[in-house]
Amino acid sequence: RPDFLIPCRNQEKCRNRTDEHRIKYSHGEHIVKPINSTQERVSSLAQSNRSSQQQTSFDRRERIVCRYGTRCHDSTDRHRKKYSHPSV
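Read in UniProt numbering, the sequence shown has 4 at position 4, and its numbers run on one by one without any break.
Rather than coming from a laboratory, the hints here were simulated on the basis of the structure. Keep in mind that a hint or two might mislead.
[To be verified] Once the Cα atoms are required to be at most 20 Å apart in a straight line, the calculated PhoX-like pairs of lysine-lysine come out as: (1) 24 / 13; (2) 13 / 81; (3) 82 / 13.
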């Protein structure tokens with residue numbers, strides 16, 4: 001069993017409440033652990049940063065690439081959630 005959960009593509013909007021789904025996928029929950037030393041705090045911050053970067057990368061992979069890329073003028077939330085806008 002892995003030490004992490006796979007991010008659910010629907011995140012907070014997910015309607016699948018089955019135990020099997022919730023055990024396998026994460027939905028943006030934050031887990032609070034007691035911190036006992038400076039080393040653990042630094043490690044926790046580094047992990048948090050990596051998780052944030054991985055989530056951003058995951059979000060980009062899940063969205064359709066907008067054909068206009070960085071020249072896109074549609075800045076609505078709906079459009080930005082559905083389409084990614086890579087610079088390359």
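Legend entry - Broken hints, by number: Of the numbered hints given earlier, the structure breaks none, since each of them holds.
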